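Q: Protein sequence lines correspond, in order, to chains A and B.
Counting from 1, one number per residue, gives the positions in the first sequence under the working numbering.
Counting from 1, one number per residue, gives the positions in the second sequence under the working numbering.
Note that these hints are calculated values from the structure, not bench results.
Quick caveat, the model's predicted, so the values are computed rather than measured.
C-beta atoms are modelled at their ideal positions from N, C-alpha and C, and glycine is treated no differently.
Everything hinted at is true.
Reference listing, derived: stretches of chain B covered by chain A, where coverage requires no fewer than 3 residues with Cβ under 8 Å from a Cβ of chain A:
1. 48 to 62
2. 86 to 94
3. 337 to 348
4. 364 to 375
Lysine-lysine pairs mimicking PhoX-like chemistry, simulated, CA-CA at most 20 Å apart:
5. 138(A) - 204(A)
6. 294(B) - 341(B)
7. 171(A) - 205(A)
8. 30(B) - 50(A)
9. 294(B) - 399(A)
10. 171(A) - 82(A)
11. 204(A) - 188(A)
12. 118(B) - 188(B)
13. 171(B) - 205(B)
14. 118(B) - 212(B)
15. 82(B) - 399(A)
16. 218(A) - 155(A)
17. 341(B) - 399(A)
18. 294(A) - 310(A)
19. 34(B) - 50(A)
Number of protein chains: 2
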Amino acid sequence: MQDLIQGLKKENTTKIVMLVSDGLGGLPMKPGGKTELEQAETPNLDALAKRGAQGAMYPIARGITPGSGPGHLGLFGYDPVKYLIGRGALEATGVKFPLGPNDVAIRCNFCTLDAEGKISDRRAGRIPTEESTPLVLKLREISIPGVEIFVEPVKEHRFVVVLRAEGLGGKVADTDPQREGVPPLDPKPTEDCEGCRRTCQFAKKFFEEACKLLADEKKANGLTMRGFAKLPHIPRFEDVYGTRAAAIAVYPMYKGLAQLVGMDIVGEPATLSEEIDVLEQCWDDYDFFFVHFKYTDSRGEDGDFDEKVKMVQELDSIIPRIEKLGPDVLIVTCDHSTPAKLSSHSWHSCPTLIVADDVRVDMTEAYSETESECRGGLGHFPAVELMPQALAFAGRLEKFGA
Amino acid sequence: MQDLIQGLKKENTTKIVMLVSDGLGGLPMKPGGKTELEQAETPNLDALAKRGAQGAMYPIARGITPGSGPGHLGLFGYDPVKYLIGRGALEATGVKFPLGPNDVAIRCNFCTLDAEGKISDRRAGRIPTEESTPLVLKLREISIPGVEIFVEPVKEHRFVVVLRAEGLGGKVADTDPQREGVPPLDPKPTEDCEGCRRTCQFAKKFFEEACKLLADEKKANGLTMRGFAKLPHIPRFEDVYGTRAAAIAVYPMYKGLAQLVGMDIVGEPATLSEEIDVLEQCWDDYDFFFVHFKYTDSRGEDGDFDEKVKMVQELDSIIPRIEKLGPDVLIVTCDHSTPAKLSSHSWHSCPTLIVADDVRVDMTEAYSETESECRGGLGHFPAVELMPQALAFAGRLEKFGA
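Okay, chain A solo, but in the shape it has when bound:
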């Protein structure tokens, strides 16, 4: 599909806004009740629904609950099964580390080891960032022949290690035993591959050197390694679609995902309102704007229906500011549902709204799960088919064939 789209792309001056409210889709807490989106007062979104078309979108496929990585890749038009991004690579890009083709990224946790080398606290007492950062920087002293090593702080007990050498493999099992009272596991390949064995040797050596450097620490005197990952080769968003793309997000992981596909990360907003400030400021510099709102997901994960309703209302409140900019295509959607009832991501469809001049206005009267699923003019479709529609409504695709 992306090959087809890439061959048809046409440049023009239209602007596309994709507003992604993370985990927006929900469920009623009780049979016969309303979803978070139905419960919320959303006059602006409902007005958009009346002049747009809705569809029910599946992030990966029906029945599949996506993580944030696959959820966003689908929205950006990348087959999330083909471009599976390991946790280590996600974390590294989240802290803006520029991963290259010879890199294996690893998520590391400081842990506390007892005198026998067994884990007594898997998160090193949730050591605060101020205390952990100097320790992370100390680990940069480690040098191992045959491999370049990068060590990057993340937050609290979490940091990232990147091993760089030609031919390293990324198929390595976590060393975190997922329980206390046992030592960290040795790194083991999960596939029979020479490159993976070399990664394991370097990782083991790194662990040993780190333990020496951390020997005098009380909390963080050891580490576990998880999510070993190489970066898949991902075609650049601009090369595929011909749009200059800006990503506006508060959380590092979403910035990282956008950066992985080659979007520019714009601004340092801390709230949704500040994100719209950034959108206004960079409006003339880009054609495509990915705007990410985190808190519908966060409150869904908390299982807090009422707070999620408030977040939906916050989302609704900024719609007029986006409309005022006059996007040619405005999309409101989510990367997956996070119903408060489930306190987790879910497999349910994502209510997806497209507003554009040449949209066939459908029968829906409000922006909601039921409206989009039952009488949305866009029907039901997988997320990878969203970008082609966005580009079509923006007049950015040539005719296929004669």
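Model the placement of chain B on the given structure of chain A, informed by the hints.
A: Same frame as chain A, now just chain B:
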């Protein structure tokens, strides 16, 4: 999909009519307005809608605007991306030239060259067919060692050249520079392939020989070559589906497309009413009837909403004549939308109606874009899934698996 269908096909005496109203799908000219199909008085189509089921069909995929070739191949159940047919091959089949596997077809335009060999008129003053045909026939004198050459008139300044030799390649750029004041370009391969280089040599030699033969002409003393194309290997419609298929169309290109998949081209109708005459006349001789109505597309391309509405009404008016024949399955659809608002093909879905004894009658009350998209019983589906449904409703598919 076609392999699956071919393995399940079952012959019986049922008859299927696929009525294709080219470019039928539309858009309101203004927000809140009606589409051409909604504006038109269509009592017969609406009556069919009440006793049939509708769906929203995508010719290629969401967001993709198809040309006529891919649009029709999809309707016939052939993956339009896999079976991409170049313009030269389309034009050749349009004039009923039986293209073979060793043929490269080329669309040629007579042009006017000045004394320096530069193009002064890209269409040779739109030379009338009476004048151009003798010149085309004259070009049949050209003989080049190593290649068989066929030259076929089309219309006005247009003709077709077919080069036939084993191993010729079709990946060659147009020689039409798309502007006047410069000479025609030399034919150049667009891929690094020996067969393409040979095609270029023959094409260049043909150009030189043609210029000699045309040297004394005032208008048509040169030519440009476009749309170099080999024919993909396309399985025959009858082999795949087991139906004897008749194509009834006014325009050569649609006859050509039908012929490419192995349908019989029946009659020489000049109007929709004459097409239905032909349908009546050949009713006993075939099982599947592709009836093509051109003018909904033409008026859409003109941007003439009111005239397109009239064409829709003309389409509606012949429905009773088709019903009288008693088809077991009657399909009304289009190869793509051509909204008058856009004056061009578009990516919007095609309202598609199936009437058959065993159809599950849906909630739609009228034949229209909104009805089919928002509450059509057939949902949203790609065009390649239309033929399997047609055959199923005709009782022409065996059970799959035990």
